[in-house]
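**Q** Given the coordinates of chain A, work out where chain B should sit on it, guided by the hints.
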Amino acid sequence: MKPTNTRNPDYYHKVVDCQWACPAHTPVPQYIRLIAQGRYGDAYLLNRESNVFPGVLGRVCDRPCEPACRRGRLEAEPVAICRLKRVAADHREDITDRLPKKPAKTNGKKIALIGAGPASFTVANDLAPLGYECTIFEKLSEPGGLMRSNIPAFRLPEKVLSEELDCILDMGVELKLNSPVESMSAFLAQDWDAVFVGTGAPRGKDLNLDGRWEDGAKDNIHIGIDWLESVAFEHTKAIGKNVLIIGVGNTAMDCCRTSLRLGAKNVKVMARKPRQFFKASVWELEDAEEENIEIMVNHSPKAFVHKNGKLTGMVFDLMEYVIDDNGRITDQKVTGQTTIPCDDVILAIGQDNAFPWIEESCGIELDKWQVPVVDETTFESTRKGVFFGGDSAFGPKNIIWAVEHGHQAAISIHKHCQGKMLTGRLPNEVDMAPTKMGMFEWRYSNSYDDAERRKMNHVELTKRFAELDVEVELGFTPEQIATEVERCLNCDIQTVFEPSLCEECDACIDICPVECLSITPDGDEDTLRASLSASEKIAGQDLFVSSALPMTKRVMIKDENVCLHCGLCAERCPTAAWDMQEALIQIHHADDQDEGAVP
Amino acid sequence: MTSFTKPIIRRKNEPTNELGLVRADYDGAMSTLCAGCGHDAVTASMARAFFELSIEPHRAVKVSGIGCSSKTTAYFLRESHGINTVHGRMPSVATGAIAANHELTYIGVSGDGDSLSIGLGQFVHAMRRNVNMLYMLENNGVYGLTKGQFSAAADMGSTAKKGAINELPPIDPVALALSVGATFVARGFSGDREQLVPLIKAGLKHKGFGLIDVISPCVSFNDHKGSTKSYEHTYKYYNPAVHADYVPPSKQIKAAYDAGDVMPIELHDGGQITLRKLENGYDPRDRAAAVHKLFESGQSQEIVTGLLYINEDHKDMHEMARMDDRPLNAIPYSELNPGAAKLKEIQKSFR
Chain A
41 MKPTNTRNPD YYHKVVDCQW ACPAHTPVPQ YIRLIAQGRY GDAYLLNRES
91 NVFPGVLGRV CDRPCEPACR RGRLEAEPVA ICRLKRVAAD HREDITDRLP
141 KKPAKTNGKK IALIGAGPAS FTVANDLAPL GYECTIFEKL SEPGGLMRSN
191 IPAFRLPEKV LSEELDCILD MGVELKLNSP VESMSAFLAQ DWDAVFVGTG
241 APRGKDLNLD GRWEDGAKDN IHIGIDWLES VAFEHTKAIG KNVLIIGVGN
291 TAMDCCRTSL RLGAKNVKVM ARKPRQFFKA SVWELEDAEE ENIEIMVNHS
341 PKAFVHKNGK LTGMVFDLME YVIDDNGRIT DQKVTGQTTI PCDDVILAIG
391 QDNAFPWIEE SCGIELDKWQ VPVVDETTFE STRKGVFFGG DSAFGPKNII
441 WAVEHGHQAA ISIHKHCQGK MLTGRLPNEV DMAPTKMGMF EWRYSNSYDD
491 AERRKMNHVE LTKRFAELDV EVELGFTPEQ IATEVERCLN CDIQTVFEPS
541 LCEECDACID ICPVECLSIT PDGDEDTLRA SLSASEKIAG QDLFVSSALP
591 MTKRVMIKDE NVCLHCGLCA ERCPTAAWDM QEALIQIHHA DDQDEGAVP
Chain B
8 MTSFTKPIIR RKNEPTNELG LVRADYDGAM STLCAGCGHD AVTASMARAF
58 FELSIEPHRA VKVSGIGCSS KTTAYFLRES HGINTVHGRM PSVATGAIAA
108 NHELTYIGVS GDGDSLSIGL GQFVHAMRRN VNMLYMLENN GVYGLTKGQF
158 SAAADMGSTA KKGAINELPP IDPVALALSV GATFVARGFS GDREQLVPLI
208 KAGLKHKGFG LIDVISPCVS FNDHKGSTKS YEHTYKYYNP AVHADYVPPS
258 KQIKAAYDAG DVMPIELHDG GQITLRKLEN GYDPRDRAAA VHKLFESGQS
308 QEIVTGLLYI NEDHKDMHEM ARMDDRPLNA IPYSELNPGA AKLKEIQKSF
358 R
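Residue numbers (our numbering), protein chains in the order written: chain A, 41 to 639; chain B, 8 to 358.
Chain A with its partners taken away, still in its complex shape:
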């Protein structure tokens, strides 16, 4: 095989599974080490550079990092990355004076941001300190977008959200509330240097079954995201005793748990398919079930039942599925019907983009799904100077994706305003820093800790329903923090190999606790992998192959898949051919795209 090019910035980045999986590429192991040292403020600021809302995301992030965590390949449970992020946010000292500041004078460029959600706020966060005059337009009376209107306060306290939004507004960003943009063409006629659309995917899907629009009944059938918004703004304060939630995504989980807090006694979540097809995150399902929510599988909605002008229940087809070895449904049949009584139904079956306010004449092309045609790198629409991000760009995703879209759009807007090519973006880079301090001593906690994942403590069931905004998760205790940080394997501390120093004594191979090294005659990838005891290939992780070794011309290979980054190979190597080096992945944002930018 060709020797691995570890100078490719993506090579070591990929090894840091969590950082690679994070859309915003948050340097997870690096901030966990800061938390371990009690440097919460530093950990918070490091987080903030990439994900902007550590307090929010430390509670409600979709956590693509956790399923990717290397720890999950060793045992069952990944490091509680998201919870540790919350630790940094909750325990940070006052870091106000270390945040990006409102510049002394602006550069005169006017940027309009439509929709006050995470995408727009990220663009403002990146551009305002560079001197841009950013104005955010929001149709509601509060900023935050879905973070405020759809995520219930028992998961994300209002104070946490407001704090993180305020520190961006303090950079000199203007916020215009109750200011819906009703005509894009009129809006574009104003004097903007660039316009960013971050209006989300605001239209909840409906279910047009028999009885949906019956008078009397229709008032008790709600669209999930609209209903959550109405609860968040205190327009809705009660719901019936028996509630059915249709759909089993994360919105459904928020709807069922919110219902309990508005007085519902019996809440059922109705799923069309078996559990393995649920869209909701595992932990959100667990949290709902902890509150005695019943999730019923294989019930496909058929009709709404009403009597005397009142909703009384719903009819469901009972489904049976044939599932093949790959876990795909190949066939289905209806085995019967059942009617389940209820007072209210909440539909949480997805949401669509909707841009009724963008006229065709604007030159902003929408595809047949009403999704704008947006460049995946620059986030520019078909009209120059108009950018999209967050759910409004490519349909519903999550907060952390919205943040990353915001970062990328900010780079584009910065370049657009300077009249530069949008595609000439800085590639990622990697800096390598030594970690050796002495004999058996490294600049990171290298010894393997076999502690199990810490379980988040929750407010007692009897206490949590009293108010809508009692935060359920209590945060980690100091003991939990101390244990959980040690579970991180420090995947960013890389095993760096220098073939010319190798004596082929096999010491590294013997010491490796997961047998991920081998010295073997060169061959194709399958032959090389066969010489490893752990040879199953997991998507995404490469095989490291050195150049020919000096003594025998064989090659050193390493399965990046199972390496623990414990440093024992480097500890055991008599010639320091192996070394542990910290890979600092440089992810560029708008502020370092060009020399001479206002810091």
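Bear in mind the hints are in silico, worked out from the structure with no lab data behind them.
Yeah, the Cβ is synthetic: ideal placement off N, Cα and C, and Gly gets one too.
Hints are not guaranteed to be accurate.
Stated by the list, open to error - What follows is a list of derived Cβ distance ranges for each label pair:
no. : chain 1 : residue 1 : chain 2 : residue 2 : range
1   : A       : Leu247    : B       : Glu21     : 46 to 52 Å
2   : A       : Lys495    : B       : Glu21     : 25 to 31 Å
3   : A       : Leu624    : B       : Ile15     : 48 to 54 Å
4   : A       : Leu624    : B       : His94     : 52 to 58 Å
5   : B       : Thr23     : A       : Pro43     : 31 to 37 Å
6   : A       : Ala570    : B       : Met37     : 26 to 32 Å
7   : B       : Gly170    : A       : Met479    : 41 to 47 Å
8   : A       : Ala570    : B       : Lys169    : 42 to 48 Å
9   : B       : Thr153    : A       : Lys495    : 53 to 59 Å
10  : B       : Thr23     : A       : Lys495    : 30 to 36 Å
Claimed, not checked - With a straight-line Cα cutoff of 25 Å, these simulated SDA-like cross-link-like pairs (lysine to any residue) come out:
no. : chain 1 : residue 1 : chain 2 : residue 2
11  : A       : Lys54     : B       : Lys19
12  : B       : Lys13     : A       : Lys142
13  : B       : Lys13     : A       : Asp489
14  : A       : Lys593    : B       : Lys19
15  : B       : Lys13     : A       : Asp490
16  : B       : Lys19     : A       : Asn366
17  : B       : Lys13     : A       : Gly112
18  : A       : Lys495    : B       : Lys19
19  : B       : Lys19     : A       : Leu568
20  : B       : Lys78     : A       : Pro614
21  : B       : Lys13     : A       : Gln581
22  : A       : Lys476    : B       : Lys78
23  : A       : Lys142    : A       : Asp82
**A** Leaving out everything else, chain B in the frame of chain A:
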């Protein structure tokens, strides 16, 4: 941290042997030898051989003397029996143990100092008696534990770390073994576990005394230019001449072996050793040919390795001495100790 340990980690999909044990179950305590020591690679090879043979650790016995190599019995098979004996006295302790229970698997670990100087007499007589054990002689040509004096295995003309030249001829354990009647004589190299692990497996399964002289470089005191036991020198003159694979009875394929390419040798347990890479019709059952090959290759500095000699026909100590087939712990006490009356009767027969 002032030292480090190798953590025990259970991985998903870890390979297991016939007993359901994983490779790490055959590990021992953390090695305290110098980083890069050849002995650690030999230790790992022994652990792997026991793992692959699915030998229950508690049915194995490790015996050793004194020296860097003799320390290594602590570093593998943590759940087996073992004894660190007085310097050079491992062969007699092993002989006694095997006399008491010959049903266990015995492995002796020693070095060139322990075996070829202070323990030379014991070593030779264990071979003569064809004691049923595998004797690993980890040979680095130097007294590592006392900081680098020449051992009796150092080649003439090789230099010590500070430049002194060795003027005494070496004792070659392989030549010695061939001359006194060892029935399984091999040489290996710590840097070639592809060869060493199968060799250890074959040696463990051979009935009788097996010697594997393993070139195992000392990184601290004998890995310099001028040394003939360094990694560099060994890799340069290395000749893996005869590759031996152990094939257990259950896995035997009665396919036609291409004569001249692969030579099968039947073992007492019904298994087989198959020999590969044989040069010019070399027959490892021919002792004279083995001696000839050894001395011939020695003249060109070549380090000839592999299974150089095997004799499956010779009786082992237990059989020669017509000892009870049962281990002593399985013989009833009344039989082991027939009492004073019986003793008197025996004594009477000598009067």
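**Q** Now tell me if each hint is right for this structure.
**A** Evaluation of the provided hints:
1. A:Leu247 with B:Glu21: 46 to 52 Å: holds (49 Å)
2. A:Lys495 with B:Glu21: 25 to 31 Å: Given range 25 to 31 Å: holds, Cβ gap about 27 Å.
3. A:Leu624 with B:Ile15: 48 to 54 Å: Hint violated: Cβ distance 32 Å, outside 48 to 54 Å.
4. A:Leu624 with B:His94: 52 to 58 Å: holds (53 Å)
5. B:Thr23 with A:Pro43: 31 to 37 Å: holds (33 Å)
6. A:Ala570 with B:Met37: 26 to 32 Å: holds (29 Å)
7. B:Gly170 with A:Met479: 41 to 47 Å: violated (28 Å)
8. A:Ala570 with B:Lys169: 42 to 48 Å: For Lys169 (chain B) against Ala570 (chain A), whose Cβ atoms are near 45 Å apart, the range 42 to 48 Å holds.
9. B:Thr153 with A:Lys495: 53 to 59 Å: For Thr153 (chain B) and Lys495 (chain A) the Cβ distance comes to about 55 Å; the hint holds.
10. B:Thr23 with A:Lys495: 30 to 36 Å: Given range 30 to 36 Å: holds, Cβ gap about 31 Å.
11. A:Lys54 with B:Lys19: With a Cα-Cα distance of about 21 Å, the restraint between Lys54 (chain A) and Lys19 (chain B) holds, given a limit of 25 Å.
12. B:Lys13 with A:Lys142: With Cα atoms ~52 Å apart, Lys13 (chain B) and Lys142 (chain A) exceed 25 Å; violated.
13. B:Lys13 with A:Asp489: Roughly 11 Å between the alpha carbons, so the hint for Lys13 (chain B) and Asp489 (chain A) holds.
14. A:Lys593 with B:Lys19: Violated - the C-alpha atoms of Lys19 (chain B) and Lys593 (chain A) are around 32 Å apart, more than 25 Å.
15. B:Lys13 with A:Asp490: Since the Cα atoms of Lys13 (chain B) and Asp490 (chain A) sit roughly 12 Å apart, the hinted pair holds (cutoff 25 Å).
16. B:Lys19 with A:Asn366: Since the Cα atoms of Lys19 (chain B) and Asn366 (chain A) sit roughly 20 Å apart, the hinted pair holds (cutoff 25 Å).
17. B:Lys13 with A:Gly112: holds (20 Å)
18. A:Lys495 with B:Lys19: At roughly 23 Å apart (the allowed maximum being 25 Å), Lys19 (chain B) and Lys495 (chain A) satisfy the hint.
19. B:Lys19 with A:Leu568: holds (21 Å)
20. B:Lys78 with A:Pro614: Given pair Lys78 (chain B), Pro614 (chain A) holds - Cα atoms ~20 Å apart, limit 25 Å.
21. B:Lys13 with A:Gln581: This hinted pair holds, its Cα atoms lying about 24 Å apart.
22. A:Lys476 with B:Lys78: Measuring from Cα to Cα gives roughly 29 Å; hence the hint is violated.
23. A:Lys142 with A:Asp82: holds (21 Å)
The structure does not agree with the numbered hints 3, 7, 12, 14 and 22 stated previously, though it agrees with the rest.
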